[in-house]
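The lines below spell out each chain.
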Amino acid sequence: MPRTALTGTRIRERRTLEGLKQADLARTVGISPAYLNLIEHNRRRIGGKLLVDLARALGVEPSVLTEGADLPLMEGLQDAASNAVLRARPDISRARRAAAEPEAERAEEFAGRFPGWAELVVAQRDRITALERRIEALNDRLAHDPFLSDSLHEVLSTVTAIRSTAGILNGMGEIDPDWQARFHRNLYEDSQRLAQGSQALVSYLDSVGQSEDTLSSPLEEVEAWLAARDFALPELERGMMPELTGEGGLRSAPARQLARKWVLRARAEAEKMPLSMVEALISEHGPDPAALAQLAGVDLAAAMRRLASLPAFENRVPTGLAICDGSGALTYRKPLDGFAPPRFGAACPLWPLYQALLRPMVPIRRVVEQQGQPARRFLAYAIAQPQRAESFEAPEVVEATMLFIPLDRLDVTPREAEVLGVGTSCRVCARMNCPARREPSMVLEEPEEGL
Amino acid sequence: MGKRVLLIEDEPNIIEAIRFILSRDGWTVETHADGATAVEAVGRKRPDVVILDVMLPNKSGFDILRDLRADADHAARPILMLTARGQKKDRDMAEAAGVSYFMTKPFSNSEMLETVRRLAGTSDEASGEGHG
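Protein sequences, first through last, are from chains A and B.
Counted from 1, the first sequence has number 100 at position 108 by the numbering used here; the numbering is strictly sequential.
To convert a position in the second sequence, counted from 1, into the numbering used here, add 332.
One or more of the hints may lead you astray.
Unchecked claim - Chain A is faced by these chain B residues, among others (derived, beta-carbon under 7 Å): (1) I347; (2) A404; (3) P438; (4) N441.
Simulated from the structure, these hints should not be mistaken for laboratory data.
Only a predicted model underlies this, so the values are computations on that prediction, with no experimental measurement involved.
Note that CB positions come from ideal geometry on N, CA and C, so glycine has one too.
Chain A extracted, bound-state conformation (with noise of 0.2 Å):
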C-alpha cells in the first residue's frame, strides 16, 4: 500500500485483520453495511464520532486509521525495500531474485500488521548500513594509513636485514671474524627493531580492534550520547563539565574528542545566554533566534544552538537542529517528530539549510512543510558563517546552522504561497516532480519523467 493510502482502505484492512465481517462492523457502530462498504473504498470522507467509534471497534486509536504507522518506520521500510540484499547477489537466480523483490508498495500494510518484525526490518538495515560503513572505514584506513603502512614497511625491511644476514652467516662459508662480529651486531640490533616494530604494530591494530566494537561513527556516538540527554546538558547551567566517560559516557576517544568539543562550544553559549535570560525571552517573544542573538550580543547560529540545547522547563518549545559542513555533509543532527536529518546519506537539497550554504551570512527564515498524513509543518531559520580563522593562510571553512520548530507551537499563521514542501532524503520522498530530485523514489507508485 503506497504512503498514500486513505482511511476507508485502513480501516478494511483493520477489519480484516480483526476477522469481523463488514456488517457485523456496521451493525456495532451503527451504520448500514452499505454505507461502511462506500467508507472503505474511499468513497465517504469520515471523520468525528463515527471514526471514533470505528477506532474503538477495532481497536486502535483513531489517529491510525487517519495516519496510518508511523512515518520514520515507513521510511526506513521503504529504504531497506530500495536497498534489498538478494538484487546485488549473483549466485541467487534471476527467477529467484525477481520473486523474492520486497513488496514496496505494501509496506504501510506490513508494518500494520506485524509491526515487530517492520522494527526489526528498519534495525537491520540501520544495523547493515552501518557495518558497510565501518568495512568502507577500514578498508580505506587499511589501504591510506600512513602509520600502517610505514610500520608494516619497517617490519618487512628488518625482516629482510635479518634474513639476509642469517643467510650469509649461515651458508656462505668461512666469514672473516670481523665481518662475522659486525652481522652479529647487525642481527642483534635488527632483532630489536622488529621486537618494537611488531608491538607498536600489534598494539595499533588492537586499538582498530576496540574501536570496531563501538560499530558507527564518531558522530553517531555523540549523537547517541545527546540524544540519551534530551539534547540539553543541565550541568552546563551551573557551570559544570558533563561528565564525557565512565557509566552511559562516550566510549571511544574520536567521540569523546567531538563531544568535548560541542560541549567546550556549548558552555561557552550557555554562559552568554544563561537559561534566567532564554527563559524570559522565550517567555515574551517566543523561541526566536534573531531576538536571542541580539539580546545576548551572539551570533545567530550560536541563539539557534543555544534554543535547541535547553534542559527542560515549563514553556520549552520543542527544538529541532541540523548543521552541516560547507560539502553538506550533515555534522549534528536533533530530529523532531515528523523532521527527521537522515541518519545515512544526503538530505534533501530543498531545506533552508543548504539554501543558507548559497547565501553566506544571509538569515534565511522560511515555513517548511515535510509530507505525511498529516503533513507537518515547521518554522525553519537557518544560517551559513565561515568559522573563525586561525590565521589568514587558513582555508575558509563554513558551517551552515538550521533551527526547525513546529509551526504549531508558534503564532505564526503563513500565507500558503510561502510555504515551500521538503522532504527527508529523495528515497523516501513522495513529492512529485520536484526540481532537486537527485534519484528516483521508491515510494512514489510511478516513475516519474525524465529520471
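Based on the hints, put chain B in the right spot on chain A.
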C-alpha cells in the same frame, strides 16, 4: 676491474648484507642513500647494474626509475627494483616505468646474486626479464 653495482638503499644493515654478498662474487658495490640525488649518482657512476629501493628519503624509487628511463644514457641500463610492496599494482607500475626486474623484500641471498648476475649478462643461465 670487475663489474660494478650501484645500490640505492637507505637501510644500513640491508646495505651491509648486499654489499657483502656481491663483493664476495667479485662485484664492486657502491651505495647511495638519498632519493633526491640518486639520478645524478647513477649518471656519475654509470654502474653495470642498479639496485633501487622504492621507499627512499626525498624521492620515491618509482620517480627515480622514470627519470632514469627518460634519459637515453640510462634507457637500457639494468635496474633491479627492491620493494616491500609486492602487490600487482606495484609490479604493474614498475613495469610501466621500465624496470628490468622487480624483487620483493624479504629476498634470499641466492636470488639476489643470481638476478644481478643475469641482469649484467654474466650468468650461465639465459638472460631475460623476470618478475621476482
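**Item:** Proposed interface contact between B/I347 and chain A, which counts if any beta carbon pair is under 7 Å
**Value:** Check failed: Cβ of B/I347 comes no nearer than 9 Å to chain A, outside 7 Å.
**Message:** Under 7 Å is the threshold here; is the Cβ of B/A404 close enough to any Cβ of chain A for the hint to stand?
**Reply:** Status violated, d = 33 Å.
**Message:** Restraint: B/P438 near chain A, CB-CB cut 7 Å. Satisfied or not?
**Reply:** holds, 4 Å
**Item:** Interface restraint verdict for B/N441 against chain A (beta-carbon cut-off 7 Å)
**Value:** holds, 4 Å
When the structure is compared with the earlier hints, violations turn up for hints 1 and 2 and for no others.
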